[in-house]
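Residue numbers (this note's numbering), protein chains in the order written: chain Y, 1 to 178; chain F, 1 to 959; chain E, 1 to 89; chain Z, 1 to 123; chain B, 1 to 106; chain V, 1 to 536.
Just so you know, the hints here were simulated from the structure itself, not pulled from any lab data. Certain hints may be false.
What the hints assert, rightly or not - If you want a taste of the chain Y side facing chain B, the calculated C-beta under 7 Å gives, among others:
1. Leu21
2. Ser29
3. Ile30
4. Ile35
5. Asn86
6. Ser91
7. Gln92
8. Thr114
9. Gly118
10. Cys122
11. Gly161
12. Val164
What the hints assert, rightly or not - In silico lysine-lysine, DSSO-like type, Cα no more than 27 Å apart, as pairs:
13. Lys95(B) / Lys26(E)
14. Lys158(F) / Lys448(F)
15. Lys26(E) / Lys27(B)
16. Lys27(B) / Lys95(B)
17. Lys783(F) / Lys27(B)
18. Lys690(F) / Lys783(F)
19. Lys26(E) / Lys690(F)
20. Lys690(F) / Lys775(F)
For every residue, glycine included, the Cβ atom is placed at its ideal position computed from N, Cα and C.
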Amino acid sequence: MKRVLPQPVLSLVLLISWLVLNNSIAPGSIVMGAIVALIVPWITHRFWEIGAGVKDFTALIGYVGIVLVDIIQANFVVARQVLGANRSLNSQLFELELDLEGALPISILAATITLTPGTVSCRVSPDQRSLWVHALHADDAQTEITTIKQRYEARLQRIFGQPVTAGATESTSRGAES
Amino acid sequence: MQAIELLAIVVLLPFFAAPLAAWSARFNRYAAAWVAGGATLVALALFAWLVYGHIDLMPVATSHAWIEAAGLSFGFRLDGLSMMFTGLILVIGLLIVIYARYYLSPGDSMGRFFAYLLMFMGAMLGVVLSENLINLVIFWELTSLASFLLISYWQHRKEARYGARLALAITGAGGLALLGGVLILGHIVGSYELTDVLAAGELIKNHDLYAPALILILLGVFTKSAQFPFHFWLPNAMAAPTPVSAYLHSATMVKAGIFLLARFFPALAGTDLWVIIVSSAGLATFLLGAYTALFRHDLKGLLAYSTISHLGLITLLFGFGTQLAAVAGIFHILNHATFKASLFMVAGIVDHETGTRDMRRLGGLIRFMPHTAALGMIAAMAMAGVPLFNGFLSKEMFFTESVRVAGSMGPVWLLPLLVSLGGLLSVAYSLRFVHDTFFGRPDGDLPKKPHEPPGMMKRPVDLLVVLCLAVGILPALVIGPLLHIAVTGVLQTEPPYYSLSLWHGFNIPLLMSAVALAGGVALYLMRRPIFRWHALSLAHLDARVVYNRLMELLMRTGAGVTAMVDTGRLGRIVLFTLAFAFGAGILGYLLPLGLEPVRNAVERGATPDNGDWVTWLGIGLIILAAMVTTVWHRQRLFALITMSVVGLGVAMIFARFSAPDLAMTQLSVEVVTMILLLLALFYLPQQSRKLSTPARRWRDAGIATAIGGGISALTYAIISRPFESISGYFLDQSVPGGGGTNVVNVILVDFRGYDTFGEITVLALAGLGIFAMLKGLSLPASKRDPFGRTWTEDPHPLMLRTFTQILLPLTLLFGVYVFLRGHNEPGGGFIAGLIVASALVAQYMANGIETAERKLHLPIHGILGAGLLIALGTGLASMGFGVPFLTSAMAHFSLPLIGEIHLASAIAFDLGVFLVVVGSTMLILLNLGRLTDHAVEHPDYSAIETSPAPRSTRRGNDA
Amino acid sequence: MIHVSLGIALVLIVIAMGLATYRLLKGPETADRVLALDTMSINAIALLIALGIWFETSINFEAALLIAVLGFITTVALSKYLIRGDIVE
Amino acid sequence: MTNLALSLLIGVLTGAGVYLVLRAQTFPVVLGLTLMSYGVNLFLFTMGRLQTAAPAVIGAVENPTDPLPQALVLTAIVIAFAMTAFVIVLALKARAALGNDHVDGMHIPQADRVLDRKEEPRA
Amino acid sequence: MIFDLIVSALILFGAAFVLLGSLGLAKLPSFFMRLHGPTKASTLGVGSILLGSAVYFSAQGGLSVHEILILIFLFLTAPVSALLMARAGMHRGLKGDNPSHEDKRD
Amino acid sequence: MTANLISLLVLLPVALAAILTMTGQRLPTLSRGLDVAGVAVLLAVSAGLLLTGAGDTPQVIELGSWAAPFGIVWVFDRLSGLMLLLTATVALLALVYAIRRDEDQAGPHFHALFQAQLFGLNGAFLTGDLFNLFVFFEVLLLASYGLLLHGNGRKRTRAGFHYVVVNLIGSTLFLFAVGALYGTVGSLNLADITLKLPDVAPDAVPLVTTAIFLLFTVFLIKGAAFPLYLWLPGAYAHASIPVAALFAIMTKVGLYSVLRVDSVMLSDNSIGGLVETTTLIAPWLLWLGLVTLLLAALGVVAARFVRRQVAYLIIASVGTILIALGLVTGNAGEAAIGGALYYWMHTTVLSAGFFLLAGLILHHRPEAGDGIESAPPMPHAILVGSLFFAYAIAMAGLPPLTGFFGKIMILAAALDSPLMAPIFAVILTSGLIMVIALARAGSRLFYQSQATPGHPAHARPADARVALPGVGMAVLPLVLAGAMVVGAQPLSGWLAGTAAQIAASDGYLDAVMPDGVLDPAHAPGKFGADQDGGSH
Ligand code: NA
Ligand code: NA
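The whole structure should be built from the sequences, with the hints applied where relevant.
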């Protein structure tokens, strides 16, 4: 089974992608999509080293929802900042200690940071212990760090079944949103 | 076969014998001589038999077409003239072979010598026996080549090399002129056969092209026969071994020019032009040669100039243009051949036995070699024109003729006077030859102790000297019949009456002879002051100086012009190429103008414009990006980025104007190109230096503007015209004939699949070529970035690694999608190939080459080869059905669930395309990427080749 | 209505293109230029899609998708060059 | 107007390519060749005349554009890519062999004459 | 009609954000600040236009969802691109703060 | 059968190239064998086709079964057959030499590139389509780039870069030219364009002529006419020897294209009824030929080493051929083409051989290489010197070898030309200059044994026991030249027939476009418009 279908989830994603790409759920498309969904992982699975490791799917869905909302919100914030007087922006680069572990979780966190509020992740330290973040406007770096850790890192720890450390002190916010 | 066709054998025999001689010398030192002698003897016998059989039929000719288009035939002719010359060549040749057998020293290669000599003999026979004019020129040039080899026989001697090249240059030039002349002559007559040419004398002489033909032919004659001002090669040719000098440079080759005068006498002679050119050249040569001969200290030098003088004499005779003069000329040819060959051989014996030919060192040899001395004296008296020797007779005829024609050439006394002066000089140098060598006081320290040579070395001379005497005493009996036949051959009619008797009574010619003899003796007796005067004045005049200057000029011109044009610089090459193309384009445009009013493309405006301001702005943006790339190209990375904008813009234009396939191709090629250039840039300076001057940059900008403007104009003129093409067919046939709705793709894989096949070969070849180039290449890599900072040593960014893992399968899926739909929708093998390749390359960028290699392990060469073979195989499969290469087939299937499936074999072809694209792109990029393995770190590389200003590390130096 | 809004949208996108071009030329950092190029390719996607609606054709959809994929790869390559020089180590 | 603009663009691309090809270092020359190929590809493309929203896909539109130049350009693009790849690697090779990236390798006549005979591998 | 409205809104919204991203790119005073515009606003803007397109073509008849794929691609790649460019900026030694403030201090 | 054999001439090399790509690295002996066998087959097939008269009427193969002008066609006639034969001949010489001297081992993929080169060449010679000609120019060029750079060397690399850049510019020009022709005439097929030229609208006439002039510029770049030949001396002189020898055919591709396009498209045609085409290009060719020949002769003088001298001799032959192709008046044109073809055969085979000989000199004179200077004597100096002498004679156009005969045929054809005087002057003078230069070179190389420090003259006897691998390939061309001289009558007759075939373009047009210009709407589809797309 492992040989024929090394990555079942990926295969499923690919099949769906195929159908989306073809705008079609005709039998022909499904057959073709299935073939492709079987063959492609067979070529690419050796590259797959991140592992899946998602433990809490409901948390994942919730996370996606939050992020989507944040993205839209953040964009309006950024819009105001861009259109406004840029001189007043207090822009800064700061380092964020990571409690999260693993390539995929860290990457997702970094991506989230970039897509949401006025922050961009700039560099994951080689030891994967810290993340450099740039904020377009932040009065105080520590506040930003806390927000990120509580809002995203903690959730990601939960999704990937890691001991939650970041948001432990701020149980209120967790409660408010779940 | 008719017997006369055997004439060709006479000519070819020496040529066949030549390699045999060279080869035989490996076994026995003298075998080559035997071969040469044997071949000559056989040729002589054969020729004698032929003459015997055809004596009453002459002239007879035989001819086989060789290159009809050029009028060339392999044809030979037997008449009096050719008979006389053939006899001369073979008889003297035989004697020379015998003589040379003894002459050459143990260090000399016999094989080469006789091989060359035989080649020369054959060439000479070819010249005199040719019926076809071009055939004649072929052999004529061969005599020059053989002579080159013979003169340079002692190649370690500088003067031999010089003499050989000099002779080749002069006689070669003459030969080419002769070729030109002969071609024109044949053109006038309408035939290159001598029979026709000789019969067309009047036609030729009245033709417009007579003068150029005559001048070109005479150039050949004068160079070969060492006529002034081309005489100077002959003395230098004396660097050859003496047998060669005797044979080529007195008896035969130099007579080839004279032969030609005789040969063309009926066709060309008699006009004013002929008389003026030929006789003045002859007279000048006659006098100059005689004068110079007197002052040569080298025996062979003296003989060489004497030969020049006598050749001048004969030329002068032919120059008179009268039939009797021609008779005298022919007679003197025979006489000169006998006495001059004898004298050369005598000089050779002296050289051979004493080790020197310098008359200032020689003397009194009569005591050591009386026999040789006697031979020398007899031959010298013949040369001086002493009665009872053959030279006297022809000289008397010469004097007679000069008196006869004197009236028509300047004052009546002038020609006889000059002619007598020449005679006088020849008496003086003949006397010097004999006296300085055999009489007087012997110089004490000759290199060798002189004695008589081996007998066989003298036999040939004996024979010739006897002939000199026999002809001199009993001319009518000994030479009369031969001369008659020869003269008939020259004139091509029965000759006029002439007398061969010794005594014609007291007359002006006799007086001239007496004056010449007495004056010559007197001159020799008072030689010392004259020699001193000569040494101070004219001795420094040397025609070689002119030649050397000319050669130097040629070398300098050659080197100069070549260096001027071919500088080996790319800028020059490109400039010439572009300028030529521009000129050609403009010329092409201007040529038809004036033939028809050309409507101005701008006025047309009839074509509906389908643009909008978005497009115009987009185009403006691309123009801007292109300009920026150009202007700021020295910041290489920046230029790369702006060029990427250009690429993106071009893709957008394709998309905008209904070319989705092109847009996709352009996009994917763009990114692959960018990666490629980045990979390369790592090993190159990050900035270009400012190497050209402002003037040069303005010039280049001007050229660029002109060419760009031209292209713009051309484009606009074309696309604002209405137009009809063959494309309707493709639209009609795409579905029924090609089985696909995406016409572009159907064209690519079916209608013009063969183009595509060539194109993937190009791609594969690029991969192979790059692979080959990169093999073993090591390059200093820059340790610093464009701003002088050292690159980071960070590992591969985590986020990149993670996300490319997710993107890879998606991108591959997209590639498959693009490939599969290609035949019906925009897409296809190319684009899919490039997409897949770039997705894979992204893995390499994200994970590093080592990791990626380990994981992917692509058999790239295999993919490439398989792709080519699949494409080829698809095409070949059709040939199995008896239809041409690449004929596509289609099939319809109806499968349950899936429904209609329409397959065209062209899809298999497209698969080949896909694989080749993937294979070669990966091959190129990965091999370039792997370069780092071999990279030699060059710590100061940036510092050397880029000039980052110190402040530029701060900010903004790349703008 | 769609045509009106599309027209406005096209204007906006074209202005966006122009602003990206400005940054591309202005720099001052090479990183700025890379960013500008990246932005341009995103804008190009917007342009293609918008034009696709305008002309009622999805023929250029694949081209837009391709820009998304390849624009990313271009940015990766350029950034990696700025960071490490050797983009395929 | 569009025709004119495109003609201008093609001319600019070609001219820019020409200017760069005349530079003295390998990299700009390669850039120039690439720009020239953009120019000529567009030229070839426009030879089929310009049509909007008329892709040569059967059944998509009434009057499809001329597909042949597109096929030609596609071939030309790929060939130009192959050539660019080759020439840039060659530029690297030249840089390795000659020690600099000048198109003439800094051309020193005396050195060249020595090179003429010294560089050949002996059999 | 309702589709027209949705499509128009999506397109206008998207185009506005596309412009906004580029405006940020052009206007903001330092590299790190400029990074924010395109990576967020432009991505969102394109996403909105893509949705508009999906709605439009679906309304024309036949489901059109393949635009989603571009969207996914963009959202997957934009953060990576941003990180890499930021990394390049850090390597270059660029400051994360607002240079306008320096002017004030000077 | 004939069609399959013709197809084989193109497809065998590419199949072998693909196979050799895979075998080349691991199985060197097999690769050599395959390569040689492939070339031998090409030689045999092309010779066989010509001998059996396959090209006496042009044979047309419609690739993909699409008729001209819609599909691409191969046209095999005497001219293309002759080119294929010459290609195979030169290839065999070069290949055997390379193998004998192990030069194929100097870098990877020699044999694959070699076959690819033949694929490109044969494809270019056979095609009847201008864009396809472009594609095959690219194929043969890329293969030639690979071959040119085969092995290493600083000057080779530099020359290679120049060669590549110039050819890329040439390729760009080619596309401009073909594009402009398509944009005005609306076709790519040579015959179709020919038939459509008279109907070009008057206002398009200057555009068409511009396109034609650009097209010929491209051909002349490849053909190496003045002032476009500057890429050649460096490239040829610095390529490895067998590659330089193979390149003897390269300039001929350009000249072939000139001849083919000129004779089909521009003979007795008119553009839009306004421009007479016969004299549109030819007179320029004549003048270019004259200048090229003269400058090349001076280049022969200036050359400091033998390979460069041979390169200039090749340019000189280009000049000579161009002069011949420029003679279009009356019957002279046909005679000139006949002469040009004879000269063409001569110069292709002999310049290849001369390069091989230069290789022997280069590799066996450790002190001087092929520099035209004195050095201690080389082994087999007499043999090599004699060969040099023979090549010099042949290339300078002296009898009794082929150069002379080709030249007199051309000169004879020029007799009717109003430009007879300059033609004669240039051809004869340049011949003389080349004789002088070659005599000087030969004299220095072989006669002037030099004492160098540590090497007194003749200290190293010209050892005849040293092996001289590959010498046979330097002898063979001379043997062929001899055969061409002895067999000049039948050969020149055949070439006259070929010239007549070339001059009578109707035969070509009829073969490619039997029905004349087709209306696309009524053109037959594949297999008689098989609307259902059934399989076969
Ligand atoms: Na003396
Ligand atoms: Na020597």
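Against the structure, the hints come out as follows:
With its C-beta approaching chain B no nearer than about 5 Å, Leu21(Y) sits inside the 7 Å limit, and its interface hint holds. Look at Ser29(Y): its Cβ only gets to about 12 Å from chain B, farther than 7 Å, so that hint breaks. Checking Ile30(Y) against chain B by beta carbon gives a least distance of about 15 Å; that is not within 7 Å, so the hint is violated. Checking Ile35(Y) against chain B: minimum C-beta separation of about 19 Å lies over 7 Å; hint violated.
The criterion of a C-beta within 7 Å of any C-beta in chain B is met by Asn86(Y), whose closest approach is roughly 6 Å, and the hint holds. Interface hint at Ser91(Y): satisfied, since its Cβ lies 4 Å from the closest Cβ of chain B, which is below the 7 Å cut-off. Taken as an interface hint, Gln92(Y) checks out: its beta carbon lies about 5 Å from the nearest beta carbon of chain B, inside 7 Å. Look at Thr114(Y): its Cβ gets to within about 4 Å of chain B, closer than 7 Å, so that hint holds up.
Using the Cβ-Cβ criterion of 7 Å, the hint placing Gly118(Y) at the interface with chain B is satisfied: the shortest such distance is roughly 6 Å. Annotation: interface hint on Cys122(Y) holds; nearest CB of chain B at approximately 3 Å, less than 7 Å. Given the 7 Å rule on beta carbons, the hint for Gly161(Y) is violated: about 23 Å separates it from the nearest Cβ of chain B. A least Cβ separation of about 23 Å between Val164(Y) and chain B goes past the 7 Å threshold, and the interface hint is therefore violated.
Between Lys95(B) and Lys26(E), the direct Cα distance comes to roughly 18 Å. Compliance with the 27 Å bound is thereby established for this hinted pair. Straight-line distance between C-alpha atoms of Lys158(F) and Lys448(F) comes to about 23 Å, which keeps the hinted pair within the 27 Å bound. Of the pairs offered as hints, the one joining Lys26(E) and Lys27(B) holds, with about 11 Å between alpha carbons and a cut-off of 27 Å not exceeded. With a C-alpha separation of about 17 Å, the suggested pairing of Lys27(B) with Lys95(B) holds against the 27 Å cut-off.
For the hint linking Lys783(F) to Lys27(B), the alpha-carbon distance of about 34 Å lies beyond 27 Å, and the restraint is violated. Using a Cα cut-off of 27 Å, the hinted pair Lys690(F) and Lys783(F) holds, with the two alpha carbons roughly 22 Å apart. Among the hinted pairs, Lys26(E) with Lys690(F) is consistent with the structure: their alpha-carbon atoms are about 22 Å apart, no more than 27 Å. For a cut-off of 27 Å, the pair hint linking Lys690(F) to Lys775(F) is broken: about 32 Å separates their Cα positions.
Of the numbered hints listed earlier, those contradicted by the structure are 2, 3, 4, 11, 12, 17 and 20.
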